[in-house]
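Work out the full structure, taking the sequences as your base and the hints as a guide.
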Amino acid sequence: MEKNKKGIGLTSQIFIALILGVVFGYIFPTYGQALKPVGDTFIRMIKMIVVPLIFSSLIMGIAGTGDFKKLGRLGAKAIIWFEVATTLALFVGLAVANLFQPGAGVAIATGTDVSSAAAAATKTIDMTQMLVNIVPTNVVDAMGRGDMLQIILFSTFFGVAAASLGEKGKPVVTLAISVAEIMFKFTWYVMKLAPIGVFALIAFTVGKFGLGMLIPLAKLIGSLYFALVLFITLLLACASVIIRMNFFQLLRAIKEPILIAFSTASSEAALPIAMEKLEKFGVPKHIVTFVLPTGYTFNLDGSTLYSALAVIFIAQVYHIDFPLSTQMLMLVTLMMSTKGIAAVPGASLIVIAGTAAAFGLPVEGIGIILGVDRILDMARTACNLIGNCVAAVVVARWENELPDEVLQIAYSKNYDD
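Each residue of the sequence shown is one higher than the one before, starting from 288 at the first, in the numbering used here.
Because the hints were derived from the structure by calculation, they are not lab data. These numbers were taken from a predicted model, which means no experiment stands behind them. Positions of the beta carbon are idealized from the N, C-alpha and C atoms, including for glycine. Careful, some of the hints might be misleading.
[Claimed, not checked] Simulated crosslink set (SDA-like; lysine to any residue; CA at most 25 Å straight-line):
| hint | residue 1 | residue 2 |
| --- | --- | --- |
| 1 | K364 | G658 |
| 2 | K472 | T328 |
| 3 | K572 | L440 |
| 4 | K472 | T461 |
| 5 | K323 | F535 |
| 6 | K364 | F535 |
| 7 | K357 | K455 |
| 8 | K457 | F535 |
| 9 | K457 | L440 |
| 10 | K334 | L305 |
| 11 | K357 | K472 |
[To be verified] For each label pair, taking beta carbons as the anchor points, the in silico distance ranges come out as:
| hint | residue 1 | residue 2 | range |
| --- | --- | --- | --- |
| 12 | S299 | D691 | 24 to 32 Å |
| 13 | R539 | F513 | 19 to 27 Å |
| 14 | Y605 | D428 | 36 to 44 Å |
| 15 | I306 | L616 | 42 to 50 Å |
| 16 | G431 | V325 | 23 to 31 Å |
| 17 | S465 | T613 | 54 to 62 Å |
| 18 | I303 | R331 | 22 to 30 Å |
So this is what it looks like as structure tokens:
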């Protein structure tokens with residue numbers, strides 16, 4: 288991402304827009320709500336970039352290696368790290384929920400909206416069918432729906448086939464390279480509008496729900512934010528010990544996509560700029576384009592942590608005894624049910640409702656959370672992004688494709704220009 292040599296940088300512009308959006312939405316709630324179409328337009332502009340960018344970048348990266356064995360190794364290492372990260376997230380969520388007791392003392396509102404909770408309770412996530420659905424029957428349909436896992440699978444086979452053809456496949460690979468470069472430039476144009484989009488989205492959120500909604504559930508919000516910060520700290524500490532790297536450099540490099548993810552509560556909105564920042568950081572393109580989209584399906588650390596905390600919160604609200612042995616069984620359930628849920632609409636709601644119902648907890652407890660879910664969603668989306676960026680760096684280091692000297696050069700380019 289090019290830097291603004293004069294005036295305020297893009298990161299500062301986004302942060303200022305975030306603050307101004309809160310103030311505007313609070314003072315002028317009606318006008319704040321009227322800005323929703325502006326925010327939605329920005330999100331749609333970002334989403335139209337994602338599919339062609341992932342498709343072209345993955346083909347370019349795979350054709351550059353042409354090594355299917357290497358892709359298998361990358362996938363195995365990524366899945367191992369995803370499992371480590373999501374397990375840590377579940378335990379942090381469990382520990383914080385028991386320590387701070389966010390549900391204790393929360394009054395059950397008689398007007399609680401239970402319609403969404405009831406709808407979620409009727410749905411289940413069939414893991415076998417989910418595995419089958421990884422294979423697209425129509426790749427155009429998969430692209431239209433933005434099903435990342437199906438797009439990744441098709442792009443992987445397409446890239447390997449193109450690389451195996453040698454000279455015959457070169458025109459397609461060259462086209463993919465050109466498309467990827469164009470999409471990155473496209474991203475740069477769209478990101479110029481990020482402060483406007485962020486301002487509109489935050490103004491709408493505050494205008495519609497108001498800051499008063501935070502007071503009754505302040506303990507839940509504080510607990511989740513604390514848990515996410517604690518999790519990120521532990522995750523970075525573990526990664527630093529394993530691969531001997533200072534991850535504060537990474538956090539500085541991805542500060543823009545973190546702000547985008549937080550303010551829009553949309554993983555897709557932050558994905559293109561996160562990919563670009565990771566490449567500038569020194570992570571090879573084929574690792575970025577493989578690990579990051581896959582992580583958004585299998586490595587939703589923030590959402591996983593939130594699921595564990597929310598289920599225990601419901602038990603506390605209704606004063607239901609939920610012993611540690613049952614909580615550990617709940618963690619095992621969540622370990623399985625939170626994998627591959629990104630493509631399911633309202634995935635977190637469905638997982639929480641299903642888990643609550645399975646352990647005899649009132650599913651309508653979800654209705655209590657719905658009023659502040661947007662505030663919670665912002666934090667867990669940012670955490671999902673950080674977790675996947677860390678995963679990409681860890682896999683690159685394991686593959687010996689991100690040596691210290693590359694990091695030093697990338698760091699110098701990012702911050703000394």
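Hints versus structure:
1. Taken as a hint, the K364 and G658 pair is broken in the structure, with Cα atoms around 39 Å apart against an allowance of 25 Å.
2. Restraint check: the Cα-Cα separation between K472 and T328 comes to about 19 Å, which is no more than 25 Å; the hinted pair holds.
3. For a cut-off of 25 Å, the pair hint linking K572 to L440 stands: about 17 Å separates their Cα positions.
4. Annotation: proposed proximity of K472 to T461 holds, straight-line Cα distance about 17 Å (limit 25 Å).
5. Restraint check: the Cα-Cα separation between K323 and F535 comes to about 35 Å, which exceeds 25 Å; the hinted pair is violated.
6. Distance hint between K364 and F535 is fulfilled; the C-alpha atoms sit about 23 Å from each other, no more than 25 Å.
7. Restraint check: the Cα-Cα separation between K357 and K455 comes to about 22 Å, which is no more than 25 Å; the hinted pair holds.
8. Straight-line distance between C-alpha atoms of K457 and F535 comes to about 39 Å, which puts the hinted pair past the 25 Å bound.
9. Restraint check: the Cα-Cα separation between K457 and L440 comes to about 21 Å, which is no more than 25 Å; the hinted pair holds.
10. Annotation: proposed proximity of K334 to L305 holds, straight-line Cα distance about 21 Å (limit 25 Å).
11. With a CA separation close to 29 Å, the supplied pair K357 and K472 exceeds the 25 Å bound.
12. One distance hint, 24 to 32 Å for the beta-carbon pair S299 and D691, holds here, with the actual separation near 30 Å.
13. For R539 and F513, the Cβ-Cβ distance of about 23 Å falls inside the hinted range of 19 to 27 Å, so the restraint holds.
14. Roughly 42 Å separates the CB atoms of Y605 and D428, a value that falls within the hinted 36 to 44 Å.
15. Here the CB-CB span from I306 to L616 is close to 43 Å, well matched to the stated 42 to 50 Å.
16. Between G431 and V325 the C-beta distance comes to about 25 Å, which sits within the given range of 23 to 31 Å.
17. Separated by about 56 Å at the C-beta atoms, S465 and T613 satisfy the suggested range of 54 to 62 Å.
18. Distance hint check: the CB atoms of I303 and R331 are about 23 Å apart, consistent with the given range 22 to 30 Å.
Violated hints, in rising order: 1, 5, 8 and 11; the structure is consistent with all others.
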